[in-house]
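Protein sequence lines correspond, in order, to chains P and U.
To get my numbering, take the position in the first sequence, counting from 1, and add 2.
To get my numbering, take the position in the second sequence, counting from 1, and add 73.
Wrong hints could be hidden among the right ones.
Unchecked claim - Here are the simulated lysine to any residue pairs, SDA-like style, with alpha carbons at most 25 Å apart:
#, chain 1, residue 1, chain 2, residue 2
1, P, K39, U, K240
2, P, K65, U, F383
3, U, K222, P, K273
4, P, K192, P, S221
5, P, K273, P, A52
6, P, K192, U, L227
7, P, K146, U, K240
Because the hints were derived from the structure by calculation, they are not lab data.
Keep in mind that this is a model prediction, so the values were computed, not measured.
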Amino acid sequence: MTIKKYGMVPALALGFAVAMAGSASAQTPGVTDKEIKIGNINPYSGPASAYGTIGKSIAAYFKMVNAEGGIHGRMVNFISYDDSYSPPKALEQTRKLVEQDNVLLVFQPLGTPGNTAIQGYLNGKKVPQLFVATGATKWGDPKKFPWTMGWQPNYQSEGRIYADYILKNYPNAKIGILYQNDDYGKDYVKGLKDGLGAKAKTMIVSEQPYEVADPTVDSQIIALKASGADVFFNASTPKFAAQSIKKMAEIGWKPAHFLNQVSNSVGGVLKPAGFENAEGIFSTGYLKDQNDPQWKDDPGMKKWFAFMDKYYPEGDKTSSFNVYGYTVAQNLHKVLLAAGKNLTREGVMKAAANMKDLELDLLLPGIKVNTSPTDFYPIEQNQMMRFKGGKWEFFGPIISGEVRGS
Amino acid sequence: MKTTSPVTILIAGIGATVITLAQNWKLSGFIFILIAGILFPLTASGVFTFQITQLLIYAIAIAGLNLLTGFNGQFSLGHSAFYAIGAYVSAILMTQFDMPFYLTIPFAAAVCFVFGFLFGLPALRLEGIYLALATFALAIATPQILKFKPIEHLTGGVQGLALFHMKPEAPFGLPLDQDQWTFYVTFAVTILMFFLAFSLVNSRSGRAMKAIRDNQIAAKVTGINLSLFKTLTFGVSALFTGVAGSLSALLIAFVAPDSFQITLAVAIFVGMVVGGVGWIPGAFLGALFILFVPNIAEHIAFGLAAFSDFVRGFIPFFPTIGEQSSKGLTGTVYGVFLILLIYVMPSGLAGLLRLAVQRLAQARG
Numbered sequence: 003m004t005i006k007k008y009g010m011v012p013a014l015a016l017g018f019a020v021a022m023a024g025s026a027s028a029q030t031p032g033v034t035d036k037e038i039k040i041g042n043i044n045p046y047s048g049p050a051s052a053y054g055t056i057g058k059s060i061a062a063y064f065k066m067v068n069a070e071g072g073i074h075g076r077m078v079n080f081i082s083y084d085d086s087y088s089p090p091k092a093l094e095q096t097r098k099l100v101e102q103d104n105v106l107l108v109f110q111p112l113g114t115p116g117n118t119a120i121q122g123y124l125n126g127k128k129v130p131q132l133f134v135a136t137g138a139t140k141w142g143d144p145k146k147f148p149w150t151m152g153w154q155p156n157y158q159s160e161g162r163i164y165a166d167y168i169l170k171n172y173p174n175a176k177i178g179i180l181y182q183n184d185d186y187g188k189d190y191v192k193g194l195k196d197g198l199g200a201k202a203k204t205m206i207v208s209e210q211p212y213e214v215a216d217p218t219v220d221s222q223i224i225a226l227k228a229s230g231a232d233v234f235f236n237a238s239t240p241k242f243a244a245q246s247i248k249k250m251a252e253i254g255w256k257p258a259h260f261l262n263q264v265s266n267s268v269g270g271v272l273k274p275a276g277f278e279n280a281e282g283i284f285s286t287g288y289l290k291d292q293n294d295p296q297w298k299d300d301p302g303m304k305k306w307f308a309f310m311d312k313y314y315p316e317g318d319k320t321s322s323f324n325v326y327g328y329t330v331a332q333n334l335h336k337v338l339l340a341a342g343k344n345l346t347r348e349g350v351m352k353a354a355a356n357m358k359d360l361e362l363d364l365l366l367p368g369i370k371v372n373t374s375p376t377d378f379y380p381i382e383q384n385q386m387m388r389f390k391g392g393k394w395e396f397f398g399p400i401i402s403g404e405v406r407g408s
Numbered sequence: 074m075k076t077t078s079p080v081t082i083l084i085a086g087i088g089a090t091v092i093t094l095a096q097n098w099k100l101s102g103f104i105f106i107l108i109a110g111i112l113f114p115l116t117a118s119g120v121f122t123f124q125i126t127q128l129l130i131y132a133i134a135i136a137g138l139n140l141l142t143g144f145n146g147q148f149s150l151g152h153s154a155f156y157a158i159g160a161y162v163s164a165i166l167m168t169q170f171d172m173p174f175y176l177t178i179p180f181a182a183a184v185c186f187v188f189g190f191l192f193g194l195p196a197l198r199l200e201g202i203y204l205a206l207a208t209f210a211l212a213i214a215t216p217q218i219l220k221f222k223p224i225e226h227l228t229g230g231v232q233g234l235a236l237f238h239m240k241p242e243a244p245f246g247l248p249l250d251q252d253q254w255t256f257y258v259t260f261a262v263t264i265l266m267f268f269l270a271f272s273l274v275n276s277r278s279g280r281a282m283k284a285i286r287d288n289q290i291a292a293k294v295t296g297i298n299l300s301l302f303k304t305l306t307f308g309v310s311a312l313f314t315g316v317a318g319s320l321s322a323l324l325i326a327f328v329a330p331d332s333f334q335i336t337l338a339v340a341i342f343v344g345m346v347v348g349g350v351g352w353i354p355g356a357f358l359g360a361l362f363i364l365f366v367p368n369i370a371e372h373i374a375f376g377l378a379a380f381s382d383f384v385r386g387f388i389p390f391f392p393t394i395g396e397q398s399s400k401g402l403t404g405t406v407y408g409v410f411l412i413l414l415i416y417v418m419p420s421g422l423a424g425l426l427r428l429a430v431q432r433l434a435q436a437r438g
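Turn these sequences into a full structure, and let the hints guide you.
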C-alpha cells in the first residue's frame with residue numbers, strides 16, 4: 003500500500019505540469035499585457051565564465067528599462083540560464099526557455115558551439131535567435147536560417163579591412179602573421195587572405211600559429227622577425243597580444259603592427275605591455291573604450307557610467323564586456339520598441355531585419371547599425387585607429403568590410 | 074507481497090524498480106519499466122522527454138564507468154573521451170557516409186571497445202590514483218585531438234558537425250515527433266545495455282571481475298587471467314560509454330569538441346559515486362543527480378540572492394549577494410549539495426535506498 007500511495011505523487015505532479023503547459027494561451031508566447039519574456043543563455047560557470055558578466059550587464063540593462071516604465075508599458079522579464087559553455091546544456095536550457103518559460107525570443111546566446119547546437123531547433127520552432135554573441139561569419143544566412151541573426155562585426159570582415167589598408171599603404175609589404183589555432187584565429191587569417199587576393203601568396207612570408215594552452219608566444223615572435231616581415235598581423239587574444247608587444251620591443255623588431263580588435267583594450271593589453279612599446283600600433287574598433295580618456299565627457303559614456311553605478315554596482319567598470327552587454331541590450335530595446343505594441347515573433351524579426359542607420363550610445367561616432375531582409379549582419383563597420391601617447395587616435399573614413407557567410 | 078506495481082511515469086518507475094529489483098521481482102519490474110517507458114513520452118512535454126532521454130544516456134555512460142570502477146576496481150576520470158569517440162563515430166558515419174543513425178550505434182560500440190581495450194593495456198601497469206591521472210590526461214587530450222588538422226575534414230575541427238537535418242523521423246508513418254521517437258530509440262538501447270550489464274556482472278566473467286577488484290592476488294591464484302580481464306573490462310566499459318555518446322549525437326544533433334570537455338568526465342564520475350559504486354541501477358540515480366541538480370542549484374542561488382536582499386531590508390548589516398552575482402553562486406550551491414550528499418550518504422543514493430528498503434522490511438516484520 004505504501005508504495006502505491008507514494009507512487010501516485012510524481013504522477014500527479016507530472017499531470018499538473020502537463021496541464022500547466024497546456025493552458026498557455028494562443029497569443030504570442032512570452033507576451034502579455036504586462037510582460038515580455040526574453041530568454042538568454044550564458045556561461046556563468048565553466049571554462050568561458052569570464053563572459054558571464056555580459057549576461058549580467060544585460061539583465062541590469064533591462065532592470066533599468068523596467069524602472070523607466072518598460073517597453074510600450076510592458077515589463078521585461080529577462081530569464082538567463084547557465085550553459086557552462088557546453089553545447090548539450092545550451093540545447094537543454096534553450097528548450098526550457100522556449101517550452102517551459104515560453105519566451106518571446108532567445109537573445110544573445112553566447113559562443114559559436116552553443117549557438118550551432120540550438121540553431122536548428124530554434125529555426126524549426128520559428129523562435130528568433132537574435133544577436134548571437136559570436137564573431138564567427140556564419141550567423142547571417144537568412145535564406146537557410148531566417149530566425150538567426152548575428153550582431154558584432156565578424157572576424158573575417160575585420161581581416162579584410164587590414165588587407166585593404168596594407169594594399170594601399172604598404173604595397174610591397176612582407177607580412178608575418180601570428181594567430182590562435184582555432185576558429186577565431188583562422189577566421190581572421192581567412193579574412194586577411196581574401197582581402198589580399200592573389201597577392202596573398204607573395205606578400206605573406208610567415209604564418210605562426212599558437213595554441214590557447216601555450217605559456218608564451220616568444221618563439222613565434224622570434225621566428226616572425228627572422229622571416230624578414232615588415233608588416234605584422236597579430237590575431238591573438240589579450241594575454242598573448244600583450245606578450246607579443248613586449249617581446250617585439252625586447253628583440254627590437256619594429257614592423258607596422260596590425261592588432262585585432264579582440265585585444266585592443268587600453269587597460270587590458272596596451273597598458274600591461276607598456277605604452278612606449280605599443281606606440282604606433284594599428285587596430286580597428288566599433289565600441290567606445292571606457293578606459294580611454296577621450297570619451298570622458300561623451301554623453302553616451304556618461305550614461306553608461308551612471309547605469310553601472312545604479313543598476314550593476316558590483317560589475318567591473320574596466321571590463322569591455324559590460325560595455326558590450328549594455329550596447330547589445332540597447333539594440334534589442336530599440337528593436338522591441340520598433341516592433342510596436344502588437345508583438346509577435348515575426349514582427350520582432352521584421353523589425354530586426356529593417357534597422358536603418360540606428361545609433362547606440364557606445365558605438366563609435368559614425369558607426370551605425372544597418373540590416374535588411376537579405377543582410378543579417380547588423381554591425382559591419384569599423385574604423386581604423388592608431389595608438390598614440392596612451393590612447394587610440396581614429397583616422398580615415400568609417401570602413402565597411404562586408405562579408406557574406408559561406 | 075503480491076500487490077501489482079503502481080502505474081505511474083518513469084521517475085516513479087525508477088524508484089519502484091529499485092525497490093522491485095532489491096526484492097528480486099525481476100519480471101514485474103521489467104514489465105513495469107516497459108509500460109512506463111512506452112507511456113512516458115505520450116504524456117510528457119517535449120522538453121521533459123528530452124531531459125529524460127538525456128538522463129537515460131547519462132545512465133548508460135555511468136553504468137559503463139561503474140563496470141570498470143565498481144566491479145573491477147579500476148579508476149577512470151577519462152570517460153568523456155569514450156563518450157566523445159562514440160558521438161563522433163556516429164556523426165562522421167552519418168555526415169560522410171550517409172549511414173542511417175541506427176546502423177552507426179554498433180560501429181560506435183565497436184570502435185570504443187577497441188579504443189578502451191587498447192587503453193587498458195598501458196593501464197595494466199598503473200594502479201589507483203596513477204590510473205586516474207592517466208585517464209584524466211586522456212580526457213584533456215581528446216577535445217584537442219578532435220581539432221587536429223589532418224582529421225579536420227572528418228571531424229569538422231573546432232566547428233564540429235551539425236546533424237539536425239539528418240535526425241531520423243519515426244518510421245512506418247508512426248504519429249510520433251522527433252522527441253518521442255528519439256526517446257523510444259534511446260529507451261530500447263538502454264534496456265538492451267542494462268540487460269547486458271546485469272548479465273555480465275552476474276556471470277562467471279562478472280565474478281572474475283569482482284574477484285580482481287577484491288583481491289588481485291587471490292584472483293590470480295584461482296586461475297583468473299588478470300591482464301585479459303582487466304583490459305576486457307576496460308573495453309566493455311568504453312563500449313557502454315561509447316554507445317551513450319552515440320545516442321547523444323542523435324539527441325543533441327551536434328557534436329563539437331566543446332561538448333566533451335573534462336567537465337563531462339567529472340559529471341560521469343560524480344554520477345557513479347552519487348548513484349552508488351558497484352551497483353548497476355544506481356546509474357539512473359546518478360544520472361538524475363548530474364542532470365537536474367545543477368538546474369536546481371541555479372534556482373536556489375537565485376533564491377538566496379533574493380533572500381539576502383530581502384533580509385537586508387530589515388537588518389542593514391546583513392551581507393547581500395547582489396542579484397547579478399547570484400549567477401556565480403550556482404557552482405557553490407552545487408558543491409554544497411555534493412558535499413552534503415557524500416557526508417550524509419557515504420555509499421551514495423544506493424546505500425540510502427537499500428537502508429530504506431531494509432527498514433521497510435523490518436517494519437513489516
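Now the hints, each set against the structure:
| no. | hint | verdict |
| --- | --- | --- |
| 1 | P:K39 / U:K240 | violated, 30 Å |
| 2 | P:K65 / U:F383 | holds, 17 Å |
| 3 | U:K222 / P:K273 | violated, 35 Å |
| 4 | P:K192 / P:S221 | holds, 23 Å |
| 5 | P:K273 / P:A52 | holds, 20 Å |
| 6 | P:K192 / U:L227 | holds, 20 Å |
| 7 | P:K146 / U:K240 | holds, 17 Å |
In this structure, the earlier hints numbered 1, 3 are contradicted, and the remaining ones agree with it.
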